[in-house]
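Chains as they are written, first to last, in the working numbering: chain A, 0 to 385; chain B, 4 to 273.
The reader is advised that the hints may include incorrect statements.
[Claimed, not checked] Some but not every residue of chain B turned toward chain A, in silico, with C-beta under 10 Å: (1) I88; (2) L92; (3) K122; (4) W132; (5) A134; (6) D215; (7) W220; (8) L226; (9) F227; (10) H233; (11) F237; (12) I258.
[Unchecked claim] Straight-line C-alpha distance at most 20 Å; calculated PhoX-like pairs for lysine-lysine: (13) B/K122 with A/K293; (14) B/K122 with A/K379; (15) A/K379 with B/K91.
In case anyone wonders, no lab produced these hints; they're calculated from the structure.
Cβ atoms here follow ideal geometry from the backbone N, Cα and C, with glycine treated the same way.
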Amino acid sequence: MKKDKKNIKYLFNGIGSSKFALVLIGLVLLFLIVAIILPQAEFFTAEQINSWQEERPLVGKIADTLGLFDIFNSHFFLFTIALLFLNILVCTILRFNKTGGLKALKGSGKIRVYGFLTIHFSLLLLLIGTFLSSSFQLKGSIVLTENQSFFDKEDNYQYLSKGAFREKEHLGFMIRQKKIDAYYEDGKHHLRTDCYIDILNKNNKLTMAAVKVNKPYNYNGYDITTSEIGFSPLILIYDENTGKKMGGTYFALNTSRIAGNRVYRDYFKFPFFENKIFFTIYPDYKEKDGNIIKTGENPVNPIILVETQNEEGDFIKIGHVRLKEKIKIANYNFYFADLKWWSKYIIMDDPGYPIVAIALWIGVIGLVIRYYPDIARWAKENENIA
Amino acid sequence: MMQAEVILFWITVFGYAAAFIFHIFGIVNKKENLIRYTFYILYINIFLHTTVIILHWILTGHSPVTNSFENKLSGTWFIMLIYLIMVKLKKVEKSPAIVITPLVFFLLGYGYLHGIKIKPIGPAYDSPWLAVHVIFAWFAFSSYTIATGAGIILLLKVKNPKSEKFKKMAAINVLDERCYRYVVLGFVNHAVMITAGALWAKKLWGNYWVWDPLEIWSLISFLFYAFYLHARSFLGWKMQKAAYLIIVGLFILIISFFGVGWFGPSPHPL
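Using the sequences and the accompanying hints, generate a full structural model.
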């Protein structure tokens with residue numbers, strides 16, 4: 000019995016030791032360094048990770064087998080974080096007892112004890128908050144062209160990630176994208192985006208909202224955030240011989256940045272054309288030596304560059320098409336009928352966030368309390384510096 | 004960039020280079036006068052540096068923190084200003100200037116290589132958290148840089164115990180204590196910077212942490228300094244060991260601040 004008690008105490012001291020804390024910090028640092036070297040699923044798309052693996056087949060295969068492309072959800076990482084939580088908890092209890100328990104909160108070095116306890120309490124709270132975030136959050140993204148609607152259902156999200164323990168039903172709301180106003184200085188420098196939406200709940204109760212960059216709209220606990228906009232041209236496809244309309248829709252083109260410039264470009268596959276067809280929108284342009292040069296971001300004079308790709312991967316220009324004009328591709332005419340904005344929204348329900356935010360501030364306060372006596376002493380010290 | 008700003012910018016850059024050369028000559032030839040001149044140059048230079056920042060601010064209409072050049076311009080200003088204030092308050096020795104000045108010189112030059120773009124502030128920066136995030140980031144970076152300066156001098160003194168060149172510099176235990184103090188200051192500011200960044204990210208991207216390369220680097224540097232503080236307190240890692248840690252820490256920090264693009268895309272507006 001006595002031996003068991005001794006063993007438990009030994010184990011307890013080991014788990015809560017500073018050396019163990021240093022080993023765990025070192026391990027977390029190692030995971031983070033791996034996450035810097037290898038593209039992570041949390042941040043990069045599956046396509047980007049695949050292409051990284053194709054370029055480095057051996058390293059890619061090993062890393063994939065070890066689950067290193069999704070290191071923050073790997074068992075190794077989560078186990079290390081769990082151990083860190085235990086270490087902080089046990090270390091806090093041990094240190095509290097060692098410094099004299101409740102008596103230490105009234106003694107001469109009480110500020111340091113308060114600081115130590117506050118910092119370690121905030122760390123525990125932070126880990127609890129991040130655990131709640133990763134286990135219970137819902138994070139989805141959608142792209143909505145003006146006048147388009149979205150229903151909050153599992154399959155309707157462009158991308159959706161849910162925490163392992165999230166069982167909460169979707170709210171089942173509907174978002175209707177109304178007008179998108181984008182403001183640019185000199186037609187080039189993005190100043191502001193105002194996205195106006197209607198939200199309808201299950202009972203058809205309407206809420207009108209404006210979502211802006213840095214100013215999310217909160218709907219029943221769901222944060223609706225926007226940070227990216229782009230263009231959706233309406234392309235109608237007609238059979239050249241019969242004149243019959245084959246179909247048509249708004250194609251939301253991806254917005255990317257190349258050397259700091261916005262590029263509105265995407266590709267599509269059509270059943271009647273073997274290769275991919277690439278559309279690039281120039282919202283405003285001028286022609287120079289037969290080439291199209293973008294002159295602004297406002298869609299005042301839009302034109303689409305249509306290209307395809309040969310087997311070697313080279314881009315072959317098919318032609319340009321202006322608004323209300325058509326271009327022939329194979330035996331079909333593509334009519335550029337309209338141009339609208341789209342906005343990308345992140346829809347987030349994160350029950351861990353309030354705890355994380357509180358923990359972060361408590362941590363800062365704890366650090367200030369912990370180091371205040373030292374900093375005050377250093378400030379007062381008269382040092383003999385030449 | 005208008006003509007006056009360009010001229011002042013280059014005078015400032017070469018001013019730092021001149022201060023560094025004076026300092027080196029002062030140490031090598033053991034001439035106190037030259038070291039004194041170094042600091043006269045630095046005091047004039049910080050005034051010029053401030054003028055460049057004000058001119059740039061007037062020209063762009065926003066604080067200089069929105070692109071690579073502006074970040075280096077304001078970041079190096081913070082480092083030098085805080086260092087000179089601490090020297091004036093007699094809270095740090097003059098010797099770390101030999102490390103801080105060339106670092107400031109190189110960072111300014113590196114910033115210039117990225118090109119100077121004058122454009123209005125984008126919507127991502129339209130947040131009250133920007134000021135908090137950036138100011139505390141630079142306070143942290145300044146403190147860590149001063150600590151590194153002291154750490155390098157400590158290592159030089161330890162490697163050359165009998166050298167006359169380092170004789171007049173502070174004792175190694177004083178330098179070690181100096182390293183610790185500035186790391187503590189940096190660490191507290193670093194915590195505020197990460198907190199402000201997380202709260203800003205929540206508003207901007209809907210999530211307080213997205214594991215993008217810049218956030219990972221920032222966390223690496225924070226945990227690294229946490230490791231330093233723990234190792235110093237509980238493993239007794241002081242003097243050389245601690246100084247080496249601090250130097251590695253600054254290297255990580257430089258990547259966090261300036262080299263994130265080397266490792267892949269980041270949604271960060273900076």
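Tested hints:
1. Hint status for B/I88: violated, given a least beta-carbon distance of 12 Å to chain A, over 10 Å.
2. For B/L92, the suggested interface contact is upheld, since its CB lies about 9 Å from the closest CB of chain A, less than 10 Å.
3. Given hint, B/K122 at the interface with chain A, holds; its Cβ is 5 Å from that chain's nearest Cβ, closer than 10 Å.
4. Given hint, B/W132 at the interface with chain A, holds; its Cβ is 9 Å from that chain's nearest Cβ, closer than 10 Å.
5. At its closest, the beta carbon of B/A134 sits 13 Å from a beta carbon of chain A; the interface hint therefore is violated under the 10 Å criterion.
6. Because the beta carbon of B/D215 sits about 5 Å from the nearest beta carbon in chain A, less than 10 Å, this interface hint is met.
7. A hinted interface residue such as B/W220 counts as satisfied when its beta carbon comes closer than 10 Å to some beta carbon of chain A; here the least separation is about 7 Å, so the hint holds.
8. The restraint placing B/L226 at the interface with chain A holds, with a minimum CB-CB distance near 5 Å, inside the 10 Å limit.
9. Taking 10 Å as the C-beta cut-off, the interface hint given for B/F227 holds, the closest approach to chain A being about 7 Å.
10. Hint status for B/H233: holds, given a least beta-carbon distance of 6 Å to chain A, under 10 Å.
11. The interface hint given for B/F237 holds, since its Cβ lies 4 Å from the closest Cβ of chain A, which is under the 10 Å cut-off.
12. The restraint placing B/I258 at the interface with chain A holds, with a minimum CB-CB distance near 9 Å, inside the 10 Å limit.
13. For the proposed pair B/K122 and A/K293, the alpha carbon gap of about 17 Å is at most 20 Å, so the pair holds.
14. Distance restraint check for B/K122 and A/K379: the Cα-Cα separation of roughly 45 Å exceeds the 20 Å cut-off, and the hinted pair is therefore not satisfied.
15. About 14 Å separates the Cα atoms of A/K379 and B/K91, which keeps this hinted pair within 20 Å; it holds.
Violated hints, in rising order: 1, 5, 14; the structure is consistent with all others.
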